[in-house]
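Trainee: Given the sequences, and given the hints that come with them, work out the whole structure.
Chains as they are written, first to last, in my numbering: chain G, 1 to 472; chain F, 1 to 194.
There could be a bad hint or two in this list.
Claimed, not checked - Here are the simulated DSSO-like cross-link-like pairs (lysine-lysine), alpha carbons at most 30 angstroms apart as the crow flies:
| hint | chain 1 | residue 1 | chain 2 | residue 2 |
| --- | --- | --- | --- | --- |
| 1 | F | Lys-86 | G | Lys-232 |
| 2 | G | Lys-157 | F | Lys-108 |
| 3 | F | Lys-86 | G | Lys-454 |
| 4 | G | Lys-160 | G | Lys-292 |
| 5 | F | Lys-108 | G | Lys-160 |
| 6 | F | Lys-155 | F | Lys-108 |
| 7 | G | Lys-454 | G | Lys-157 |
| 8 | G | Lys-2 | G | Lys-192 |
| 9 | G | Lys-454 | G | Lys-160 |
| 10 | G | Lys-2 | G | Lys-157 |
| 11 | G | Lys-292 | G | Lys-454 |
In short, the hints are calculated from the structure, not lab data.
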Amino acid sequence: MKYESQRVAMPYFIFALVLFAGQIVFGLVLGMQYVVGDFLFPEIPFNVARMVHTNLLIVWLLFGFMGATYYLVPEEAQTELYSPLLAWILFWVFAAAGTLTILGYLFVDYATLADITLNRLLPTMGREFLEQPTITKIGLALVFVGFIFNIMMTALKGRKTVVNIILITGLIGLAALWMFSFYNPSNLATDKYFWWFVIHLWVEGVWELIMGAILAFVLIKITGVDREVIEKWLYVIIAMALITGIIGTGHHYFWIGSPEYWLWLGSVFGALEPLPFFMMVLFAFTMINRRKRNHPNKVATLWAMGTAVMAFLGAGVWGFLHTLAPVNYYTHGSQITAAHGHMAFYGAYVMIVLTIISYAMPIMRGRPYGNSNTAQVVEMWGFWLMTIAMVFITLFLTGAGILQIWLQRIPESGEALSFMATQDAISLFYWARMIAGCFFMAGLVVYLGSFFIKGQASFDDEVHDGPALKDA
Amino acid sequence: MTSLNLASESNSRQLPGDLAVWIFIFAELAVFGILFIGFAVARSLDPATFQAGRDILHPWIGLLNTAALITASYLVATAVHQFREKRSGVHLRLWLAVAVSCIYTIGKMYEYVNLYSQGYNLGTDTFFMFYFFLTFFHFMHVILGQIILIILAVKVGNGDYDGSDMNGMESGASYWHMVDLVWLVLFPMIYVLA
Numbered sequence: 001m002k003y004e005s006q007r008v009a010m011p012y013f014i015f016a017l018v019l020f021a022g023q024i025v026f027g028l029v030l031g032m033q034y035v036v037g038d039f040l041f042p043e044i045p046f047n048v049a050r051m052v053h054t055n056l057l058i059v060w061l062l063f064g065f066m067g068a069t070y071y072l073v074p075e076e077a078q079t080e081l082y083s084p085l086l087a088w089i090l091f092w093v094f095a096a097a098g099t100l101t102i103l104g105y106l107f108v109d110y111a112t113l114a115d116i117t118l119n120r121l122l123p124t125m126g127r128e129f130l131e132q133p134t135i136t137k138i139g140l141a142l143v144f145v146g147f148i149f150n151i152m153m154t155a156l157k158g159r160k161t162v163v164n165i166i167l168i169t170g171l172i173g174l175a176a177l178w179m180f181s182f183y184n185p186s187n188l189a190t191d192k193y194f195w196w197f198v199i200h201l202w203v204e205g206v207w208e209l210i211m212g213a214i215l216a217f218v219l220i221k222i223t224g225v226d227r228e229v230i231e232k233w234l235y236v237i238i239a240m241a242l243i244t245g246i247i248g249t250g251h252h253y254f255w256i257g258s259p260e261y262w263l264w265l266g267s268v269f270g271a272l273e274p275l276p277f278f279m280m281v282l283f284a285f286t287m288i289n290r291r292k293r294n295h296p297n298k299v300a301t302l303w304a305m306g307t308a309v310m311a312f313l314g315a316g317v318w319g320f321l322h323t324l325a326p327v328n329y330y331t332h333g334s335q336i337t338a339a340h341g342h343m344a345f346y347g348a349y350v351m352i353v354l355t356i357i358s359y360a361m362p363i364m365r366g367r368p369y370g371n372s373n374t375a376q377v378v379e380m381w382g383f384w385l386m387t388i389a390m391v392f393i394t395l396f397l398t399g400a401g402i403l404q405i406w407l408q409r410i411p412e413s414g415e416a417l418s419f420m421a422t423q424d425a426i427s428l429f430y431w432a433r434m435i436a437g438c439f440f441m442a443g444l445v446v447y448l449g450s451f452f453i454k455g456q457a458s459f460d461d462e463v464h465d466g467p468a469l470k471d472a
Numbered sequence: 001m002t003s004l005n006l007a008s009e010s011n012s013r014q015l016p017g018d019l020a021v022w023i024f025i026f027a028e029l030a031v032f033g034i035l036f037i038g039f040a041v042a043r044s045l046d047p048a049t050f051q052a053g054r055d056i057l058h059p060w061i062g063l064l065n066t067a068a069l070i071t072a073s074y075l076v077a078t079a080v081h082q083f084r085e086k087r088s089g090v091h092l093r094l095w096l097a098v099a100v101s102c103i104y105t106i107g108k109m110y111e112y113v114n115l116y117s118q119g120y121n122l123g124t125d126t127f128f129m130f131y132f133f134l135t136f137f138h139f140m141h142v143i144l145g146q147i148i149l150i151i152l153a154v155k156v157g158n159g160d161y162d163g164s165d166m167n168g169m170e171s172g173a174s175y176w177h178m179v180d181l182v183w184l185v186l187f188p189m190i191y192v193l194a
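Mentor: Encoded structure:
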């Protein structure tokens, strides 16, 4: 760690991992409710558990992005963070707001929550993924503003690098698009446009910039490849991400009452959205092949390769599967969507956050060359257990989706099964998904366990393997 | 003759410009390629609408635009050669290319205003959806290409580049030629083919 103030990333990472664990617990609750409908009813109804599962995901990824930013921006800019104190204050504000919101979901019914948080003054609640009370949304906006101020002040006083510029552009985009969550028009079609401006333009737009910048930073560090080469790739990747991603929003417009031409634009640009993810795979593997050093933190390298591959599969391939309008006519809102959502979020955003944690956390804990070999092996077990479990979750949901479409959507006359009868018919897939989910949880426990193993890798570990650079 | 000259200039075949730009060009061509396929499929499904739409366009403006883009490309190509030979006047050629390409941007805007005032837009029918989207998407690429040419012209004019490093100049020129190439497919496809 080159600058003391980078250490402020640590609480962000730790809290992110705690929320990650919470997210998976609620994932298991949901998986169970799919097959045992009244599981934990009436204490935790399905809609509440789903809200907690998805909101925790978003919040912990934001904590992860913020931690990553606090770690890498000072290092790239070659200067201390502008205000570590502000970073700490915002951490506690965000953590308190996030925790209170989740507790509110769990202990107060949603209508009462809307009432006591004065939603009526500026109604923004009740929309999928944007369920947060308005005051939480305002708090989040203030946290974003303070966070970006702190980061901008840091970046501006130091070295300007492409990684920093792209990361900060992504973060400003993230904050700016969040503003659409406050606009809640009564016309449902209009509402859906603005809703997608947050949801889609986050995950298929500006978040890709954030992901690309974090990946580039980790690759510069672990491979020792020249910054210029990595920056060039990064430019091309983010240009493609924006060209395809922005008009690609149209693949969400097939069913919301928008003009017909979106069927074409959404299909064509949606079909091209896998391109930047494919380029990220080429990017990661080419840079690692061309490495000028063998970094002793091998597990960070594994995460970097893993995130590129899994993002391409989950966001790219599984996204393409149902992005074409004629296909989406049948697949819309089926379990295919759930399959895509799971693997895309895990591959692209969970894994990129775990990549930077895997690289930065040992350094912040005083282990500049990474954790001990044992800890790395345990972490690799966590990697493979979670990743393989996620592949199976995705495959089982895809199977469920295909069967669901076949039974419920394809038949054109009376032989189509009803929704509930179809759900019964595909319950075997849901059970299988539940088992895969348990393996995912086991993988997470192993992964978290790796943090408690003592010892560290040494500079000598690198020398034995190949060329070495004394710069961690 | 040209190929002989090229062969004598360099012993090994080399990609002009940066590999990253070529990846970008390839991706851009993929985007346009898929849109062209979409156009062909839609046209085969509904030839009458496409014929009716085509009859309303202004082929002479399209032809003028084509001539403008080809001329600009010629100027860019010769500018690159002059630059390699370290001759003067490179930046003037680049500025001239930008000026000539403005015939295209003005012509295109005239067409848009004209069609729009007659009540045609993206939602009129499938033909006009493709017409407006494809040509406007290309229009945006021309603007980006012009910005790149202006940056090159300014840098060359200031002496920031010398002829020993061709990377920036060749990369920018390659991108411009891609924009030109796409129009050479777009023009006959939309304006001419019956």
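Trainee: For each hint, tell me whether it holds in the structure or not.
Mentor: A quick look at each hint next to the structure:
1. Lys-86(F) with Lys-232(G): 27 angstroms, holds
2. Lys-157(G) with Lys-108(F): Since the Cα atoms of Lys-157(G) and Lys-108(F) sit roughly 44 angstroms apart, the hinted pair is violated (cutoff 30 angstroms).
3. Lys-86(F) with Lys-454(G): 62 angstroms, violated
4. Lys-160(G) with Lys-292(G): Holds, at roughly 24 angstroms.
5. Lys-108(F) with Lys-160(G): Judged against 30 angstroms, a Cα distance of about 39 angstroms means the pair is violated.
6. Lys-155(F) with Lys-108(F): 29 angstroms, holds
7. Lys-454(G) with Lys-157(G): 37 angstroms, violated
8. Lys-2(G) with Lys-192(G): 45 angstroms, violated
9. Lys-454(G) with Lys-160(G): With Cα atoms ~37 angstroms apart, Lys-454(G) and Lys-160(G) exceed 30 angstroms; violated.
10. Lys-2(G) with Lys-157(G): 16 angstroms, holds
11. Lys-292(G) with Lys-454(G): 29 angstroms, holds
Hints 2, 3, 5, 7, 8 and 9, counting from the list given before, are not met by this structure.
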